[in-house]
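Generate the whole structure from the sequences, applying the supplied hints.
Chain order of the listed sequences is A and B.
Residues 1 to 330 (my numbering) make up the first sequence, in order.
Residues 1 to 330 (my numbering) make up the second sequence, in order.
Take these hints with a grain of salt, some might be off.
To be verified - Calculated cross-link-like contacts (lysine-lysine; reagent style BS3-like; alpha-carbon spacing at most 30 angstroms):
hint : chain 1 : residue 1 : chain 2 : residue 2
1    : B       : Lys167    : A       : Lys7
2    : A       : Lys121    : A       : Lys9
3    : A       : Lys24     : B       : Lys32
4    : A       : Lys24     : B       : Lys167
5    : A       : Lys281    : B       : Lys285
6    : B       : Lys9      : A       : Lys243
7    : A       : Lys285    : B       : Lys7
8    : B       : Lys84     : A       : Lys285
9    : B       : Lys32     : B       : Lys177
10   : B       : Lys281    : A       : Lys39
11   : A       : Lys281    : B       : Lys40
12   : B       : Lys180    : B       : Lys45
13   : A       : Lys312    : B       : Lys9
14   : B       : Lys312    : A       : Lys9
15   : A       : Lys177    : A       : Lys32
16   : A       : Lys24     : A       : Lys45
17   : B       : Lys118    : A       : Lys24
18   : A       : Lys118    : A       : Lys32
19   : B       : Lys285    : A       : Lys7
20   : B       : Lys167    : B       : Lys312
21   : A       : Lys24     : B       : Lys281
22   : A       : Lys32     : A       : Lys45
23   : B       : Lys84     : B       : Lys7
24   : A       : Lys281    : B       : Lys281
25   : B       : Lys45     : A       : Lys39
26   : A       : Lys281    : B       : Lys32
27   : B       : Lys45     : B       : Lys9
28   : A       : Lys40     : B       : Lys126
29   : A       : Lys9      : A       : Lys45
30   : B       : Lys243    : A       : Lys9
31   : A       : Lys281    : B       : Lys7
32   : B       : Lys312    : A       : Lys32
33   : A       : Lys281    : B       : Lys39
34   : B       : Lys177    : B       : Lys84
35   : A       : Lys243    : B       : Lys180
36   : A       : Lys285    : B       : Lys243
37   : A       : Lys7      : A       : Lys118
38   : A       : Lys39     : B       : Lys285
39   : A       : Lys43     : A       : Lys32
40   : B       : Lys243    : A       : Lys40
Hint data in this document are derived by calculation from the structure and do not stem from the laboratory.
Fair warning: this is a prediction, and the values are worked out from it, not measured in the lab.
Protein chains: 2
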Amino acid sequence: MTRMINKQKDIVSQVLNGVTYIYKDRLTRIPKTGIVLKKKLVKNKVALISGGGSGHEPAHFGYIGNGMLDGTISGPVFTPPSAKEILEAIQLADQGCGTLLIIKNFEADRTNFLEAQKQAKLLGYKVDHVIVDDDCSVVSDRGEYSPRRRGVAGSVFVHKILGQAAKEGRNLEELVKLGKEVVSSLNTLGVAFSSGTDMETNEPLFNMNQHVVSFGIGIHGEQGYREEVFYSSEHLANELINKLLNQYQDDDRFAVLVNGTGSSTLMEQYIFANDVDRLLKLQQKESAFQLCGEFMTSTDMKGISLSLLSLKEEYWLDYLQADTDAFAWR
Amino acid sequence: MTRMINKQKDIVSQVLNGVTYIYKDRLTRIPKTGIVLKKKLVKNKVALISGGGSGHEPAHFGYIGNGMLDGTISGPVFTPPSAKEILEAIQLADQGCGTLLIIKNFEADRTNFLEAQKQAKLLGYKVDHVIVDDDCSVVSDRGEYSPRRRGVAGSVFVHKILGQAAKEGRNLEELVKLGKEVVSSLNTLGVAFSSGTDMETNEPLFNMNQHVVSFGIGIHGEQGYREEVFYSSEHLANELINKLLNQYQDDDRFAVLVNGTGSSTLMEQYIFANDVDRLLKLQQKESAFQLCGEFMTSTDMKGISLSLLSLKEEYWLDYLQADTDAFAWR
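Shown next, in the form of structure tokens:
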């Protein structure tokens with residue numbers, strides 16, 4: 001497949017230049033880095049920073065805005081940013097009230113973000129973090145399944161709720177506590193129909209058979225734990241909803257995220273969302289808030305993920321519904 | 001490629017149910033029709049209606065909102081809605097100040113929308129229309145090229161400017177006049193790297209060679225007028241900008257729309273947008289407003305279109321920048 005790029009080595013830099021051209025009213029890129037900042041940083045609030053490898057657009061820069069993130073750092077495709085750049089972002093975003101790092105639970109991401117946190121603290125900055133591990137996929141080792149708990153698309157609910165909480169004046173300790181509560185109520189499961197392309201090599205991210213759906217894929221081209229024949233959107237929605245609801249007790253009120261992973265058409269995403277709506281109603285579960293679209297992609301992988309957040313507190317819903325100018329939240 | 005659908009015959013209906021589930025706070029579907037309406041219609045303003053075949057999501061329902069459209073009608077995939085349903089939408093949306101139909105310039109669309117306008121007038125409704133023909137592709141007949149002037153992605157600028165004008169109290173005659181001015185300042189050219197899929201038959205929309213780019217494709221799988229080897233995003237941006245600027249005299253201030261047609265990654269779209277930004281600056285043209293993303297797709301066609309709107313009046317920019325809750329405008 002033709003890739004609409006220029007030189008290989010310029011991909012990430014030109015993506016960042018492009019997005020900060022389109023949203024020049026609200027985003028600024030720090031030249032020669034993967035750092036994108038809110039153009040007008042707000043004083044007297046905790047700064048919120050997230051980031052990760054490129055290839056997940058509109059994550060993460062799409063979530064910079066009032067009541068969401070203050071800055072993001074994009075690394076190379078599927079590779080987290082360096083501790084050095086994360087440290088620089090902390091220094092730039094800090095407004096005297098401390099900085100919260102929102103980290104997706106991958107070893108390489110944890111390592112670099114926590115190293116930056118350590119270095120920033122040595123320099124006198126107040127920094128803490130929340131680790132998002134919403135993925136309820138499993139990994140098989142000789143027939144034994146164990147949970148993976150990677151950080152995937154549900155992260156955007158964490159950005160929104162913590163972002164609004166920071167806007168309303170919560171301090172760093174309160175945000176860490178709230179973040180842990182939200183993360184523990186959040187589950188995501190993703191499937192793929194095609195592997196998508198590694199933007200740097202133009203090779204498939206992994207090998208997949210035709211007419212099957214792969215359960216539990218990751219966002220960096222990690223293969224799923226099981227392939228099954230694809231029957232219908234409704235059949236798939238039923239499987240995903242049941243696997244997700246198994247993570248809860250008798251929770252009955254949810255925020256729902258249907259996330260396209262790159263090449264699923266919006267038609268397919270809405271058809272799937274309609275199945276989710278009907279099946280949740282059948283199980284007497286309320287969808288109190290819902291999103292559908294491309295929120296965290298894996299380049300052009302054709303697939304979908306479903307996230308459920310149990311709305312344990314009424315104000316979480318208010319925070320999800322609050323206005324923001326983050327362009328990817330809609 | 002696996003299609004994430006249920007039964008063939010239910011595609012459009014389930015898409016409409018899905019999108020009105022996701023945006024149930026602001027959109028309502030009229031059951032058993034392709035009609036989607038703004039949930040809270042605003043009194044004492046001209047109603048704005050658009051629509052067309054399905055397969056272009058988020059067009060057109062994504063442009064329903066404050067300061068944009070009041071209703072849309074979705075037909076079968078790549079087939080315009082019937083005059084009967086368009087008439088029903090007029091009757092439902094009308095708030096006593098008349099209705100403006102925004103029609104994309106395809107023969108079948110014109111026929112059905114204008115038949116509905118005629119019937120509505122016989123019933124006593126005040127209705128008029130604007131035809132959008134932003135496409136500056138050409139069609140070749142034995143070596144002679146003639147312009148096609150179909151209605152394509154630039155339509156969303158027309159929805160926004162006329163929508164804001166209607167919100168600010170312009171009457172039907174004024175909107176028709178303004179619509180013609182905006183359309184005459186608007187040009188779009190689209191290219192494809194792959195044909196995309198007919199969602200109903202699961203066949204390619206047209207045949208294309210590998211590693212080429214097809215110029216002047218339509219939004220319903222119409223083939224382009226010329227295939228060329230693909231060199232780079234920058235080379236492509238340069239070609240498109242020059243072809244578009246040829247449509248103008250010395251206009252120097254534009255609104256810019258980079259539109260992904262379905263399967264182009266956001267990375268590729270932003271890389272292309274960055275090239276557009278640099279090349280416009282080189283030609284001393286100002287990009288005063290810009291959008292990038294999927295605004296009018298052709299199912300999963302991999303391609304891109306570029307639209308330029310010459311900002312002949314300063315208030316057009318104000319109208320483009322005005323807030324709206326139409327979910328696809330961002």
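Hint check results:
no.	hint	verdict
1	B/Lys167 <-> A/Lys7	violated, 46 angstroms
2	A/Lys121 <-> A/Lys9	violated, 33 angstroms
3	A/Lys24 <-> B/Lys32	violated, 43 angstroms
4	A/Lys24 <-> B/Lys167	holds, 27 angstroms
5	A/Lys281 <-> B/Lys285	violated, 53 angstroms
6	B/Lys9 <-> A/Lys243	holds, 29 angstroms
7	A/Lys285 <-> B/Lys7	holds, 25 angstroms
8	B/Lys84 <-> A/Lys285	violated, 38 angstroms
9	B/Lys32 <-> B/Lys177	violated, 35 angstroms
10	B/Lys281 <-> A/Lys39	holds, 22 angstroms
11	A/Lys281 <-> B/Lys40	holds, 25 angstroms
12	B/Lys180 <-> B/Lys45	holds, 19 angstroms
13	A/Lys312 <-> B/Lys9	violated, 39 angstroms
14	B/Lys312 <-> A/Lys9	violated, 39 angstroms
15	A/Lys177 <-> A/Lys32	violated, 35 angstroms
16	A/Lys24 <-> A/Lys45	holds, 23 angstroms
17	B/Lys118 <-> A/Lys24	violated, 45 angstroms
18	A/Lys118 <-> A/Lys32	holds, 24 angstroms
19	B/Lys285 <-> A/Lys7	holds, 25 angstroms
20	B/Lys167 <-> B/Lys312	holds, 21 angstroms
21	A/Lys24 <-> B/Lys281	holds, 15 angstroms
22	A/Lys32 <-> A/Lys45	holds, 27 angstroms
23	B/Lys84 <-> B/Lys7	holds, 25 angstroms
24	A/Lys281 <-> B/Lys281	violated, 53 angstroms
25	B/Lys45 <-> A/Lys39	violated, 36 angstroms
26	A/Lys281 <-> B/Lys32	holds, 21 angstroms
27	B/Lys45 <-> B/Lys9	violated, 37 angstroms
28	A/Lys40 <-> B/Lys126	violated, 46 angstroms
29	A/Lys9 <-> A/Lys45	violated, 37 angstroms
30	B/Lys243 <-> A/Lys9	holds, 29 angstroms
31	A/Lys281 <-> B/Lys7	holds, 21 angstroms
32	B/Lys312 <-> A/Lys32	violated, 36 angstroms
33	A/Lys281 <-> B/Lys39	holds, 22 angstroms
34	B/Lys177 <-> B/Lys84	holds, 27 angstroms
35	A/Lys243 <-> B/Lys180	violated, 54 angstroms
36	A/Lys285 <-> B/Lys243	violated, 54 angstroms
37	A/Lys7 <-> A/Lys118	violated, 36 angstroms
38	A/Lys39 <-> B/Lys285	holds, 24 angstroms
39	A/Lys43 <-> A/Lys32	holds, 26 angstroms
40	B/Lys243 <-> A/Lys40	violated, 37 angstroms
When each numbered hint is compared with the structure, violations occur for hints 1, 2, 3, 5, 8, 9, 13, 14, 15, 17, 24, 25, 27, 28, 29, 32, 35, 36, 37 and 40.
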